[in-house]
Amino acid sequence: MPIKTEPFIINMGPQHPSTHGVFRMRVTLDGEVVTDIEPVIGYLHRGIEKLAEGRTYKQDIPLCDRLDYVCSMTNDLAYCMTVEKLAGVLVPERAEYIRVIMAELQRIVNHLIAVGAFINDLGAFVTPFMYMFREREKIVDLFEMVSGQRLLYNYMRFGGVSHDLPEEFLPALKKFIDKMPGFIEEYDQLLAENEIVLARAKGVGILSRDLALDISASGPVLRASGVDWDIRKADPYSIYDSFAFDIPTGNAGDSYDRYWVRMQEIRQSVRIIKQAIKQVPAGKVCTPVPLRLRPPAGEAYARIESPKGELGFYLVSDNSPKPYRFHIRAPSLINLTALRDMIVGWKLADAIIIFGSIDVTMAEVDR
Amino acid sequence: MTLVLSAPEVATKLESHFPDSIVESREESLVVKSESLLDIASFLKAAPEYDFNYLTHITAIDYNSYFEVVYQLTSTVHNNSLVMKVRIDERNNPVMPSMVNLWRGADFQEREIYDLFGIEFEGHPNLKRIFLWEGFPGYPLRKG
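Quick mapping for you: the protein sequence lines, in order, are chains A and B. For the first sequence, the working numbering gives the first residue as 539, with consecutive numbering after it. For the second sequence, the working numbering gives the first residue as 14, with consecutive numbering after it.
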């Protein structure tokens with residue numbers, strides 16, 4: 539006689555070590571197999587888009603730091619670029635180089651944390667985090683040198699950056715960047731062919747190329763599905779067109795490819811920074827901009843390839859010192875659109891890995 | 014470099030397929046009528062010369078007398094982009110057609126607009142509040 543079974547609904551999160559912040563999934567299970575999931579978000583919603591409307595353009599920079607707190611530099615960069623587009627502010631060349639160096643260092647930091655957390659989700663507990671944080675710590679030291687902060691840097695300004703690089707910065711950066719390829723080798727030795735990583739991530743949580751485009755995925759999630767689309771190449775901003783670098787793409791679109799693409803992107807970032815150190819010119823680092831900036835009435839959308847994907851700001855100005863509308867195109871939120879398609883049919887333990895491989899920061903999802 | 018398509022040129026082309034569907038075309042954006050939106054969007058997605066296979070983002074703005082919903086379309090094939098807008102004069106019960114069947118990327122973003130502006134998207138498979146809780150009074154991003 540067959541045993542009568544019923545679907546089982548369990549609640550995961552919002553407080554759970556592997557949910558990367560306050561993410562909640564309502565999971566329907568048939569035995570151990572996930573038959574349905576519903577993401578429940580909004581636990582970290584602070585209404586940043588509304589808050590920003592009540593502050594001046596400059597006061598909004600620190601708010602942008604708090605979007606994706608793992609990547610403050612790139613958030614500020616995208617926001618400052620949008621205001622510059624809106625107000626027609628030009629950026630000196632030295633500042634552009636500094637911005638690229640900071641953005642690429644930030645990409646390395648983000649990918650280290652993403653991979654560390656991902657391996658953590660695979661069950662390796664905190665050991666991989668220890669390795670990744672060893673290098674992150676050195677980059678955070680570099681950020682502290684220029685901005686005085688270790689997490690929320692508030693370093694970008696309209697028309698450039700807030701301070702010039704201190705004298706000791708470039709030698710310290712060069713020393714770190716020369717050592718970085720060795721560290722990447724070390725990670726690869728530990729992880730790339732690791733039996734557990736292969737067994738648990740290969741073929742798991744596949745996002746097909748067509749679906750990835752359909753859901754407007756971006757960043758490593760899109761590229762792991764085989765789409766050669768990177769804003770730095772497709773729509774170059776700042777001075778990215780003066781550097782040689784490749785866009786790594788996966789082909790299976792599984793969790794392993796998303797991990798692999800991130801590791802390759804760290805290599806490319808190292809390559810960009812090496813070129814930038816050689817080319818960085820002398821000169822001013824910021825164009826003077828009025829403190830109470832009043833951009834002409836109009837709207838602007840500017841976007842960058844942030845470590846998590848396409849981060850864009852859509853600003854509407856009514857010629858007052860405060861933005862009339864402040865919209866954030868958050869890659870973390872949009873990359874989650876296909877979560878259900880990726881998880882259904884896998885076991886509950888795989889759901890954690892699939893979610894981890896997308897790499898989201900809840901502060902950016904909920905805003 | 015992504016080429017931003019000239020809206021008046023696209024408008025001329027669209028007018029020949031969908032007469033009387035364009036409200037206004039400025040250099041950088043195209044304003045279409047809400048009732049023609051789905052037809053135009055399907056055309057822009059399917060026509061090989063446009064091939065807008067990627068919906069970059071959707072957002073809404075409250076201009077007090079009307080709402081404006083903004084669609085930024087991208088073609089990863091041709092590396093083109095186009096900004097398309099729709100205006101809704103109705104304030105008490107604004108309704109728009111949903112884009113989810115064309116681009117699934119609209120899913121969470123339309124829910125966000127519904128949540129924060131109170132604009133309803135007809136045909137959305139799961140239209141409910143996303144950040145705020147059911148029963149939250151009002152729509153925070155509306156002006157006044």
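In case anyone wonders, no lab produced these hints; they're calculated from the structure. Cβ atoms here follow ideal geometry from the backbone N, Cα and C, with glycine treated the same way. Check each hint, because a few of them may be wrong.
To be verified - Sample of chain B residues with no beta-carbon within 10 Å of chain A, all distances over it, derived:
#1 E48
#2 D52
#3 P61
#4 E62
#5 V83
#6 G118
#7 Q122
#8 E135
#9 R142
#10 F144
#11 G148
#12 P153
#13 G157
To be verified - Okay, the calculated bits of chain A under chain B, using three or more residues with CB under 8 Å as the criterion:
#14 675-688
#15 855-869
#16 872-881
#17 888-902
Stated by the list, open to error - Chain A regions said to be covered by chain B (calculated; three or more residues, Cβ under 8 Å):
#18 732-745
#19 802-810
#20 840-852
Structure-based check of all given hints:
1. E48: Since the minimum Cβ distance to chain A is about 24 Å, E48(B) lies beyond 10 Å and the statement holds.
2. D52: holds, 20 Å
3. P61: Nearest chain A Cβ is 16 Å from P61(B), so the label holds.
4. E62: holds, 18 Å
5. V83: Given a closest Cβ separation of 7 Å, the condition is violated.
6. G118: Non-interface label on G118(B) violated, nearest chain A Cβ at 3 Å vs cutoff 10 Å.
7. Q122: Violated: least Cβ distance 7 Å, not greater than 10 Å.
8. E135: holds, 20 Å
9. R142: violated, 8 Å
10. F144: Answer for F144(B): violated, closest chain A Cβ roughly 4 Å.
11. G148: Holds: least Cβ distance 13 Å, greater than 10 Å.
12. P153: violated, 5 Å
13. G157: Holds: least Cβ distance 12 Å, greater than 10 Å.
14. 675-688: n = 0 at 8 Å, threshold three: violated.
15. 855-869: holds (count 4)
16. 872-881: holds (count 4)
17. 888-902: violated (count 0)
18. 732-745: Violated, because only 0 residues of the region 732-745 of chain A bring their Cβ atoms closer than 8 Å to Cβ atoms of chain B.
19. 802-810: Contact hint for the region 802-810 of chain A vs chain B: violated, 0 residues under 8 Å.
20. 840-852: holds (count 4)
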